[in-house]
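For the protein sequence lines, the chains are S and V, in the order given.
All the letters of the first sequence, read from the start, carry residue numbers 1 to 165 under full-length UniProt numbering.
All the letters of the second sequence, read from the start, carry residue numbers 1 to 703 under full-length UniProt numbering.
No wet-lab data here; the hints were simulated from the structure.
This structure is a prediction, so every number in the text was calculated from the model and none was measured.
A couple of the hints might just be wrong.
[Stated by the list, open to error] Computed footprint of chain S on chain V, listed as stretches where at least three residues anywhere in the stretch have a Cβ under 8 Å from a Cβ of chain S: (1) 234-247; (2) 300-308; (3) 376-386; (4) 630-641.
[To be verified] Selected chain V positions facing chain S (in silico; Cβ < 7 Å): (5) 600; (6) 648; (7) 649.
Beta carbons: idealized from backbone N, C-alpha and C, even for Gly.
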Amino acid sequence: MADQQSTEGITVTLNGGQTTISGHDTLPLLHVLREVLGLKGTRFGCGQGTCGACTVIVEGKAVTSCDLPLEAVRGKRIETVECLAAGGATHPLAEAVLACQAAQCGYCLPGILMAAKALLDREPDAPDARIREALDDNLCRCGAHLRILRAVRLAGEVMTAATDR
Amino acid sequence: MSAPSIPLPLKAAPDISDWIRFGPGRTVEVLTGRVELGQGNLTALAQMAADELGLAPNDVVITSGNTERTPNEGYTAGSMSVSIGGMALRFAASAARVLVLREASLKLNADYLSLSVRDGDILEGGRPTDLDLRDVATGLNFAVPVIDYAALLVPERRTLSSQPLPRRDLPNRIFGTPFIHDFAPEGMVHGRILHPPVQGAMLRSLDLKTLAARPGIIDVFRDGSVVGILAGSFSVVTAAVDWAANRAEWAVPDLPQAASLRELLAGAASAETVILEKGKIPEEDGNAVEVTASRAYLSHGSIGPSAAMAVWRDGRLKIWSHSQGVFQLRNAVARVLGLDIEAISIEHASGAGCYGHNGADDAAFDAALLARRVPGKPVKVIWSRLDEFRVAPLGPGMLTTARAVVDETGALQSASICVTSAPHGNRPDTAGVPNLVTATRLAEPVPFQRSNDVPLPQGGADRNAIPYYRVPNLHVGKKLVHDLPYRTSSLRALGAHLNIFAIEMLMEKIAAETGQDPVTLRLRHLDDPRAAKVIETVMAEGEALRRDMEPGAEGWGLGFGRYKNTGAYAAVLARIRVEETVTVSHIHAAVDSGEIVNPDGALNQIEGGILQAVSWTLKEEVKLAGPLVATETWLDYPILRFSEVPQVAVTLIDRPEDPPLGCAEAMAGPVAAAIGSALFQALGIQICDLPLTRERIMAAALA
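Go ahead and model the full structure; you've got the sequences and the hints to work with.
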């Protein structure tokens with residue numbers, strides 16, 4: 001369905017590639033990802049920016065995508081959970097989360113992993129308190145928090161080691 | 001070792017072929033009526049079946065919760081997947097192995113007792129033969145009773161059970177798109193039912209014409225007080241429902257606002273039903289110790305809202321749902337729509353985390369109703385967050401009074417427990433009542449009916465109301481609350497959360513008033529060595545947690561319970577810090593849940609059960625305003641966040657010789673009790689109204 005039309009469309013850098021989306025300027029980024037582009041790894045949780053399930057990274061910063069109109073990210077760099085397994089290479093976070101069995105239902109994980117990636121990209125050696133702070137806007141209902149924290153620390157160690165090399 | 005009794009599910013599905021199917025390929029299909037709700041049960045069930053069959057775990061595929069294919073095992077609930085569903089599978093898989101090995105002994109001209117299976121290879125005296133389990137199975141008739149052939153492996157012969165195998169479904173849940181929310185078959189449309197602001201409200205007016213004229217709307221219909229909307233996209237249907245919700249006028253039943261939850265529940269309580277009467281309760285008990293505990297209504301709060309997809313084709317209805325009981329949902333839908341159950345098939349599909357009877361079944365009925373308008377087209381429904389808080393069943397608000405008399409030695413002489421609660425059992429198809437919310441507002445309504453709660457031995461409001469402690473004279477009763485407009489049903493642990501809290505607070509108070517050590521007091525009243533063992537274990541292993549308390553600011557406490565008095569044993573230590581709010585810094589738990597099939601899976605469930613219980617106990621409270629559930633968004637309903645999560649240690653006591661007992665739900669009561677006990681130690685006052693929020697702490701401290 002077309003919302004307010006923009007003739008030229010909106011171009012973004014999505015997981016490293018350029019994408020132009022036409023006819024959905026005011027649609028929340030979450031719905032553009034899920035419905036228009038078919039990238040369904042990012043989850044719908046509340047539609048109000050309060051649970052973090054739809055968290056993506058825009059210009060290095062973790063943001064909720066359910067309350068962010070597409071036009072607000074024109075020309076920006078966007079990363080979604082799909083970037084963790086892009087091109088056959090698996091990101092340390094993806095490996096760590098499985099190694100630690102860091103989920104129960106898994107629904108909140110894509111958003112949490114994006115919040116974690118935004119932190120680790122800046123501070124791969126972030127201590128526990130910083131990780132907790134960075135994930136504090138993301139809700140997990142099953143109670144997998146401690147495993148998630150372990151996984152993020154583990155991924156951070158792997159990323160730190162890779163940077164030091 | 002206690003001999004395993006014949007699992008109940010084998011009554012409804014008696015044959016081996018009901019549970020185990022050898023296909024044309026190398027994988028063996030295992031069928032279970034249990035469903036994966038994010039708890040990892042299918043991984044454990046596959047382990048149990050593969051173990052008995054002598055197959056590698058990856059050679060087993062598991063089909064679950066499908067009205068066309070799997071056994072009907074009722075609801076996946078009550079931490080019973082492994083203890084009951086898994087045992088049924090073990091019986092069936094062992095029977096299949098026995099049949100195959102009998103055939104193999106003929107083919108090999110070998111002694112049956114010398115045969116075994118490893119990774120599908122049939123071994124004789126431990127040495128390979130050229131036979132494979134799956135080849136021998138081809139052509140055998142498995143439509144024979146499980147109990148005629150079942151012979152479970154002795155625990156030492158199991159190789160997979162007790163292994164921490166990784167979850168089969170986890171990669172797809174995190175990185176894939178397995179959820180109903182992700183479904184998008186060709187021709188699918190999006191639908192929503194407009195739900196009223198208050199349970200039981202009737203629609204007075206809504207401008208359907210303008211609604212239908214909105215761009216992108218495919219269909220709008222009204223049936224009684226039900227308005228359904230179909231559209232080409234999720235965003236269009238969402239905006240249309242919001243538009244309608246802002247304009248619809250409803251006739252709302254009146255209810256004055258109560259001053260407190262205690263008052264609200266006590267005022268609406270029906271007469272007491274006696275659950276248990278033993279010995280004699282003294283009429284004069286002037287020196288009795290009494291505790292009254294309460295718990296607010298709770299929301300399930302799954303991070304993903306309820307969702308479903310349905311399609312009508314040639315008069316037949318197909319539904320995909322994350323219901324806990326697809327067969328019960330089918331009965332309920334059939335009754336409301338006047339269909340033969342044979343005309344409906346329901347397949348379980350993934351939803352977000354499920355902690356009890358949430359909106360899954362309601363969303364499935366919504367989808368069925370909407371799909372009837374557009375035959376041939378699949379219709380997907382995803383509820384709003386508001387629907388999750390306001391329309392889905394809540395965990396009931398509760399009030400439990402526990403009163404005891406102790407003798408001159410400090411021993412419990414008599415106890416009297418009374419539970420006041422809205423019913424915990426309103427699942428679809430309970431006593432033939434559909435219990436589907438939208439069906440209650442149709443032009444020909446199918447209303448909710450008075451619930452009988454969940455009867456013992458499982459228990460609903462009265463789950464764990466009978467103390468596990470020895471007490472010669474005992475009275476236990478419950479008062480159900482029927483006449484409040486808040487919809488309630490089963491949420492994890494049901495009444496056990498508050499009842500264990502109340503009984504443990506009573507024990508703490510008795511200890512304080514009679515100068516006894518609270519841990520010793522518990523131990524002297526426990527006759528079951530397994531109960532004593534978890535307490536002794538957690539006291540020893542959690543020793544560090546109890547050291548170096550800052551007086552007046554920190555405290556530690558113990559909570560104990562045996563879930564349902566028949567399930568897992570849990571003893572929990574909590575260390576807390578009280579400032580303006582209560583912070584739980586450490587939890588140590590010791591859990592005996594019998595045989596542990598997948599230790600990492602059990603730990604994951606126990607950790608999750610602990611953290612959810614910390615959240616309930618410290619933070620959670622559905623806000624009520626007269627008849628209205630006033631909680632609308634996550635901002636109104638804080639839950640535990642990453643910055644608030646305590647350090648958690650768990651000691652599992654594995655008993656491979658004993659039946660598995662389930663685990664996650666066993667944590668709710670003991671965790672609440674441990675926090676309450678710790679708060680008592682830190683402040684010297686008992687606060688028994690949950691959640692233990694800042695307001696309650698401040699009020700109690702100033703009182």
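* Coverage assertion for the segment 234-247 of chain V with respect to chain S, Cβ distance below 8 Å, three residues required -> holds (count 4)
* Asked: Within the assertion that chain S covers the segment 300-308 of chain V, do at least three residues meet a Cβ-to-Cβ distance smaller than 8 Å?
  -> holds (count 5)
* How about residue 649(V): closest beta carbon in chain S under 7 Å, or not? -> violated (10 Å)
* Asked: If you take the shortest Cβ to Cβ gap from residue 648(V) to chain S, is it below 7 Å?
  -> holds (6 Å)
* Report holds or violated for chain S covering the segment 376-386 of chain V, Cβ cut-off 8 Å, minimum 3 residues. => holds (count 3)
* **chain S contact restraint for residue 600(V) - C-beta distance below 7 Å** => Constraint on residue 600(V) satisfied, holds at 6 Å.
* To do: Closer than 8 Å, Cβ to Cβ, for at least three residues: run that test on the segment 630-641 of chain V against chain S and report holds or violated.
  => holds (count 6)
In this structure, only the earlier hint numbered 7 is contradicted, and the remaining ones agree with it.
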